[in-house]
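Using the sequences and the accompanying hints, generate a full structural model.
There are 2 protein chains.
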Amino acid sequence: MAVEIVLPLVLGISVLSLAVAGLLARQVLAADSGTVEMRAISEAIREGAEAFLARQYRTIALLSVVAAAAIFGFYYANRNVQNIAEMGEGTAFKVTLSFITGALCSAIAGYIGMFVSIRANIRTAAAAMTSLNRALQLALRGGAVSGLSVVAMSLLGVGGLFYLFGGMHDYEHVPLQIVGFGFGASFVALFAQLGGGIYTKAADVGADLVGKVEAGIPEDDPRNPAVIADLVGDNVGDCAGRGADLFESTAAENVGAMILGIALYPVFGLGGILFPLLARAFGLIATIAGVLSVKCREDQDPMSALNRGYLVTTLLAMAGFAAAVYLLLRPVAGTTLPVQQGYLLLAGIIGIATAYAFVWITQYYTEYRYRPVRSIAEASRTGPATNIIAGLAVGLECTGLPVIVISGALMGAYWCGKMALADLPGAGLYGTAIATMGMLAPCAYILAMDTFGPITDNAGGIIEMSKQPEAIRHKTDRLDAVGNTTKALTKGYAIGSAALAAFLLFSAYLDEVKKITGLHLGVDLTRVPVFVGGLLGATLVFVFSALAIKAVGKAAQVVIGEVRRQFRENPGIMAGTSKPDYARCVDIVTAAALREMVAPGLLAVLTPVVVGFSFRYLSPYGQIGAEAVAALLMVGTIAGILMATMMNNGGGAWDNAKKYIESGLFSVDGQVVGKRSEPHKAAVVGDTVGDPFKDTAGPSLHVLIKLLSTLTLVLAPLFIL
Amino acid sequence: MAVEIVLPLVLGISVLSLAVAGLLARQVLAADSGTVEMRAISEAIREGAEAFLARQYRTIALLSVVAAAAIFGFYYANRNVQNIAEMGEGTAFKVTLSFITGALCSAIAGYIGMFVSIRANIRTAAAAMTSLNRALQLALRGGAVSGLSVVAMSLLGVGGLFYLFGGMHDYEHVPLQIVGFGFGASFVALFAQLGGGIYTKAADVGADLVGKVEAGIPEDDPRNPAVIADLVGDNVGDCAGRGADLFESTAAENVGAMILGIALYPVFGLGGILFPLLARAFGLIATIAGVLSVKCREDQDPMSALNRGYLVTTLLAMAGFAAAVYLLLRPVAGTTLPVQQGYLLLAGIIGIATAYAFVWITQYYTEYRYRPVRSIAEASRTGPATNIIAGLAVGLECTGLPVIVISGALMGAYWCGKMALADLPGAGLYGTAIATMGMLAPCAYILAMDTFGPITDNAGGIIEMSKQPEAIRHKTDRLDAVGNTTKALTKGYAIGSAALAAFLLFSAYLDEVKKITGLHLGVDLTRVPVFVGGLLGATLVFVFSALAIKAVGKAAQVVIGEVRRQFRENPGIMAGTSKPDYARCVDIVTAAALREMVAPGLLAVLTPVVVGFSFRYLSPYGQIGAEAVAALLMVGTIAGILMATMMNNGGGAWDNAKKYIESGLFSVDGQVVGKRSEPHKAAVVGDTVGDPFKDTAGPSLHVLIKLLSTLTLVLAPLFIL
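Residue numbers (this note's numbering), protein chains in the order written: chain A, 31 to 751; chain B, 31 to 751.
The hints are simulated quantities; they were obtained by calculation from the structure and are not laboratory data.
Just so it is clear, the structure is predicted and the values come from calculations on it, not from any experiment.
Hints may be right or wrong, so weigh each one.
Because identical chains share one entry, a pair is satisfied inside a single copy or across any pair of copies.
As the list claims (entries may be wrong) - Below, computed lysine-lysine pairings styled on DSSO-like, alpha-carbon distance capped at 30 Å:
| # | residue 1 | residue 2 |
| --- | --- | --- |
| 1 | Lys705 | Lys584 |
| 2 | Lys497 | Lys711 |
| 3 | Lys242 | Lys609 |
| 4 | Lys689 | Lys584 |
| 5 | Lys242 | Lys584 |
| 6 | Lys448 | Lys544 |
| 7 | Lys609 | Lys705 |
| 8 | Lys711 | Lys689 |
| 9 | Lys711 | Lys242 |
| 10 | Lys705 | Lys497 |
| 11 | Lys711 | Lys584 |
| 12 | Lys325 | Lys497 |
| 13 | Lys705 | Lys689 |
| 14 | Lys497 | Lys242 |
| 15 | Lys705 | Lys242 |
| 16 | Lys325 | Lys711 |
| 17 | Lys544 | Lys711 |
In structure tokens, the structure reads:
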């Protein structure tokens with residue numbers, strides 16, 4: 031295949047996918063939107079979510095402008111320093127433009143996802159009144175709008191900038207200039223995920239503590255003034271937040287893999303650089319087919335329908351992957367080196383298998399069919415303290431298997447790369463890059479399943495609040511339960527891909543440093559400043575998690591105060607004679623979440639900058655800022671992977687231990703106990719503790735890990751002036 | 031000073047200190063031992079503790095024999111391989127002998143400490159009936175027996191083996207042979223701390239959950255069948271466990287510093303190798319003076335008396351340190367290199383200052399005068415869930431300051447070393463070694479304060495159980511409160527010194543590898559297998575913590591079952607007409623704790639062994655087992671420092687948040703709330719969650735960190751055959 035047509039092909043597939051996303055959106059919007067009561071509720075959710083996003087984007091835009099100015103300033107001020115000068119004409123401008131484009135695309139992708147999901151929720155609810163299959167399809171297609179847009183936007187951004195900056199001719203410098211795109215995406219993703227995560231859990235915890243515990247009214251009861259804020263939270267946290275998260279994953283990892291491809295230019299030519307884009311584009315086509323293939327009968331488990339779609343997507347993506355390997359990863363004319371494409375394909379299969387393994391492990395630790403969740407339920411018999419201890423133990427323990435899988439995948443893919451390219455320098459690393467691409471091939475489908483979660487959750491809430499009959503509620507409950515599973519799986523997948531990709535991004539960073547300085551940089555922990563960098567990186571993860579968790583607590587206190595005030599000042603609410611002021615609650619959570627997201631966000635962004643520059647300028651150890659930052663990045667990533675896994679799975683396990691007790695399958699001394707029993711009360715405590723773990727700190731850590739990588743990629747030339 | 035007299039001087043001071051410890055023990059034993067009822071209780075505690083220790087030592091002895099055989103086997107089988115052969119005649123025998131000596135000394139030190147503490151408890155209780163000062167002095171002197179013995183035994187062991195193996199002539203190989211001593215100490219310490227930690231918290235949690243929560247009887251009520259087991263636990267966990275922990279710290283760090291001293295032999299001669307021993311010996315003298323200086327008036331805060339003693343110890347230790355620097359760290363004849371002793375002393379002062387900073391930071395995060403603990407108490411207003419969230423946030427956050435202090439200390443001491451020795455290779459590292467020696471100089475006094483904790487805790491329990499008048503109970507309560515503070519401080523100190531020493535031990539490992547292979551080994555995280563080693567090291571910390579926490583839960587379930595059984599089968603217990611079967615409870619906890627300590631212990635020991643050998647023999651990446659293990663060690667240490675800090679301080683903060691609410695200083699809406707209020711119930715949940723954190727997993731992690739170091743030091747020659 032002529033390499034010139036790869037980029038047009040990728041861009042074409044991306045535009046096509048956006049068109050399909052548009053068609054799916056039209057189909058969703060054309061569906062019936064239910065009764066008047068339902069519309070009123072959905073309208074309130076829509077307004078709240080849009081108001082939050084508008085205000086959040088304003089804050090993020092402000093922060094982004096400051097960051098863009100700083101990047102431009104640093105690069106421009108040092109434009110005549112050799113390192114920067116060698117990166118080519120107008121580097122300051124190009125890096126900054128990439129950053130802004132990345133930030134903008136991320137914001138647009140987040141907006142599109144939410145635009146559809148806050149409209150798909152009511153239509154899913156309405157469809158559930160007639161057909162389960164129709165509801166399932168609407169929810170998944172609504173989610174697919176988000177999944178397809180995210181991946182397509184990321185390809186358009188990276189591919190477009192590569193073309194625009196003349197990458198087809200200047201393949202060596204352009205990838206270094208478009209690292210800004212990845213950083214822009216990470217920057218927006220960090221604040222989007224933090225703000226959304228704080229919002230959703232502050233509203234949830236606040237609504238539960240006053241509503242369920244103090245006032246004794248059920249969940250999603252329309253008398254609770256925070257109930258709309260809670261439903262809004264599902265959208266801004268899960269849709270917008272995770273959308274931005276996976277947008278930046280695909281963006282950062284595309285750029286990283288392209289940088290690694292440069293090292294193999296003598297073998298593959300441009301094909302090795304463009305391979306990640308083509309593999310991802312084929313993944314988009316696979317996703318479209320997979321989404322359209324999903325349907326289920328009334329009596330069927332919706333989860334098995336989704337799993338079938340995932341299988342279709344994976345098989346097609348694998349075929350596309352093989353095609354991309356065959357077409358692009360072949361020796362250019364004039365190279366005598368033997369290339370064994372089979373091993374390259376094997377590396378990709380290792381990646382895809384890793385994705386599967388993570389999904390399985392996550393299920394084992396978070397579903398109540400298995401021992402871990404049951405052990406938490408058992409421990410609830412002796413009260414909340416033992417429930418918490420058991421949950422923390424499960425969270426800490428569940429880091430073991432994923433790490434063994436990732437270790438095996440890294441070593442295996444590295445070995446494949448070496449085998450494929452006869453030990454060429456960089457070959458092993460390119461093997462790990464290919465595995466990462468494999469893991470990310472079905473990414474758009476995973477994201478569609480993820481957004482499926484909040485859509486069905488909202489649909490359930492709307493049915494509940496508008497007091498629909500039991501039979502319909504039963505249908506949305508089934509969809510909602512499936513949504514909880516898919517949300518958990520996505521988190522496992524996201525952290526797994528982050529772990530695998532981390533190595534790719536480190537290597538890209540080191541490659542970049544090498545290209546700039548000619549030095550092969552190691553990250554030698556035996557040097558005191560490098561060790562200190564690593565220590566600070568791991569500590570960043572701990573302190574960042576603390577701030578994220580505290581932010582939820584503080585914002586929740588604000589909600590609690592407001593709900594109590596409304597109950598006190600307007601007794602008609604509890605009597606059902608007057609409506610609570612939903613909008614005020616939404617306003618208050620919005621303001622609190624945006625205020626609280628700033629501290630952890632800035633900590634994450636500023637730590638590597640401060641460490642890098644202070645080692646660069648102040649340390650008596652010579653110019654090893656770049657190496658100390660690399661250690662911060664690598665050890666921080668290790669700590670982040672573990673902490674995120676602990677928080678995601680621990681939180682999920684607590685949640686499902688509660689659900690297990692509610693399910694009626696749990697018995698003490700031969701007697702079934704359920705809701706409102708003492709063990710159930712203990713399990714509710716665990717569930718509440720797990721909330722900020724799994725929906726705020728954990729997902730934010732995914733973004734933090736990748737932010738560290740993209741940030742250091744952008745700043746690398748400055749640390750080694 | 032002629033260097034030949036250093037070793038005799040060190041050994042002499044050690045023997046002298048043991049003699050002083052003997053005198054203090056005699057003084058304690060000669061004191062009045064209270065009423066008949068008190069003696070009966072004390073007797074039961076003594077019997078339980080001794081039975082536990084006897085059975086625990088039997089298990090540990092068995093494991094140690096297996097380990098010793100494995101070490102001997104590995105070394106002997108490879109005795110003709112060049113690396114091992116170069117270590118000198120009889121290396122297999124010498125390393126194994128060192129291991130056995132270390133294990134034995136550690137066991138003896140633990141036994142001495144407990145022997146005195148389980149006898150000092152009742153005498154402290156009896157003394158409290160007449161004089162606070164007398165009680166304070168008895169408890170501290172009882173603790174000092176432990177502190178002095180531990181440090182003196184460690185000096186005797188290391189110094190004696192050095193002399194015995196001919197270190198005065200063969201300075202280059204002997205330190206490598208006595209690394210076995212450090213490993214032996216770590217090995218015993220790991221199981222002692224794990225077993226003791228599991229025992230103490232299983233008994234505590236079990237007694238509380240059935241006694242306080244189910245039966246509604248107060249703490250330390252004689253009707254509770256687990257009450258004696260609970261009091262036994264304080265001794266076996268805090269005395270024996272922490273004694274073994276600090277024994278191995280001093281042993282491992284002495285050996286590590288001596289190995290680093292070898293590199294500077296051309297400058298300092300034997301003086302640089304023997305310096306750590308002399309500095310520590312002077313610290314012993316300082317401790318004796320400090321302990322004897324402590325006294326307090328009836329109306330005085332006992333804590334300020336202890337602080338005064340700490341100040342005396344520190345000032346004398348500093349003077350001794352300066353003398354040791356002046357006498358030993360001077361250029362040998364024929365060296366033209368300028369040595370600036372002032373900078374070396376400065377490095378030592380940095381270490382001492384670090385010890386102070388850690389004590390202060392620990393207080394800030396764990397005392398209820400400050401914001402963090404109060405924030406947990408505030409959060410208890412909205413129930414146990416928010417209490418737990420706040421406590422976890424405090425635990426995660428409190429890692430920040432200590433890491434900044436350690437980073438500064440490492441960089442500062444490194445810089446001092448370089449300044450002192452004009453950038454000689456190894457100079458910076460020796461600077462960090464000197465700082466570690468400085469931090470450990472007052473170690474014996476710290477350990478005396480630590481053992482003070484369980485003695486006063488037990489004294490309070492004896493007074494409570496034998497129903498003494500309120501006024502006496504008030505005195506022992508005051509001492510008990512001080513004991514809680516000193517226990518928390520010791521943990522902060524122990525983790526701080528572990529963190530500082532970690533770098534020393536890494537460097538010793540790398541020095542050893544260099545001596546054996548001639549290769550300067552880096553730990554380059556950019557190599558895939560090395561990164562995987564690091565990832566596995568951090569994961570080990572997470573999974574180890576999970577197993578330790580789960581072990582407490584499982585052992586506590588056994589206690590709960592037994593207490594319930596006794597209440598059910600013998601109604602006379604609750605009526606007060608018949609005595610519960612204390613001994614059976616003690617037996618059951620003993621068996622459960624010993625069973626449960628094996629899994630986490632073996633995990634810790636086997637992981638580095640398996641990683642080292644599998645990379646060595648199986649990996650396709652060449653012979654980098656040593657480097658992968660070094661990464662495991664270093665990243666594992668980073669994760670361990672953070673996790674231990676989080677668990678120790680988080681647990682302490684939860685405990686004191688509960689105490690704050692009990693103190694009557696806490697109010698909700700202007701109204702004071704105390705015991706049995708809703709916030710108090712929530713705080714009790716947090717306290718229970720914190721128990722296995724701060725008394726089992728946290729302290730065991732200190733030992734784990736150092737075990738990884740000493741284990742890899744011992745096995746290094748085998749990973750690089």
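Hints and how they fare:
When the C-alpha separation of Lys705 and Lys584 is checked against a cutoff of 30 Å, the pair qualifies both within a copy, at 29 Å, and between copies, at 26 Å. Only within a single protomer do Lys497 and Lys711 lie at most 30 Å apart by alpha-carbon distance; the minimum there is 26 Å, versus 37 Å between protomers. With identical chains, the CA atoms of Lys242 and Lys609 are at most 30 Å apart within one copy only, with a shortest distance of 18 Å there and 45 Å across copies. Within a single copy, Lys689 and Lys584 get their C-alpha atoms as close as 27 Å, and across copies as close as 24 Å, so both meet the 30 Å cut-off.
Taking the closest pair of Cα atoms, Lys242 and Lys584 come within 30 Å of each other only inside a single copy of the chain (19 Å); across copies the shortest separation is 32 Å, beyond that limit. In the homo-oligomer, the alpha carbons of Lys448 and Lys544 lie at most 30 Å apart both inside one protomer (21 Å) and across protomers (29 Å), since each shortest distance falls under that limit. Proximity of Lys609 and Lys705 under a CA criterion of 30 Å is satisfied intra-copy only: 28 Å inside one chain copy versus 39 Å between copies. In this assembly of identical chains, the alpha carbons of Lys711 and Lys689 lie at most 30 Å apart whether taken from the same copy (12 Å) or from different copies (25 Å).
For the identical chains of this complex, Lys711 and Lys242 are neighbours both inside a copy (11 Å) and across copies (19 Å), given an alpha-carbon limit of 30 Å. In this assembly of identical chains, the alpha carbons of Lys705 and Lys497 lie at most 30 Å apart only when taken from the same copy (21 Å versus 43 Å across copies). In the homo-oligomer, the alpha carbons of Lys711 and Lys584 lie at most 30 Å apart both inside one protomer (23 Å) and across protomers (22 Å), since each shortest distance falls under that limit. In the homo-oligomer, the alpha carbons of Lys325 and Lys497 lie at most 30 Å apart inside one protomer (27 Å), although the nearest pairing across protomers, at 74 Å, exceeds that limit.
For the identical chains of this complex, Lys705 and Lys689 are intra-copy neighbours only, at 9 Å inside a copy versus 33 Å across copies, given an alpha-carbon limit of 30 Å. In this assembly of identical chains, the alpha carbons of Lys497 and Lys242 lie at most 30 Å apart only when taken from the same copy (18 Å versus 45 Å across copies). When the C-alpha separation of Lys705 and Lys242 is checked against a cutoff of 30 Å, the pair qualifies both within a copy, at 13 Å, and between copies, at 25 Å. Taking identical chains as interchangeable, the C-alpha atoms of Lys325 and Lys711 are never at most 30 Å apart, the minima being 38 Å within one chain and 50 Å between chains.
In this assembly of identical chains, the alpha carbons of Lys544 and Lys711 never lie at most 30 Å apart, being 57 Å within a copy and 59 Å across copies at closest.
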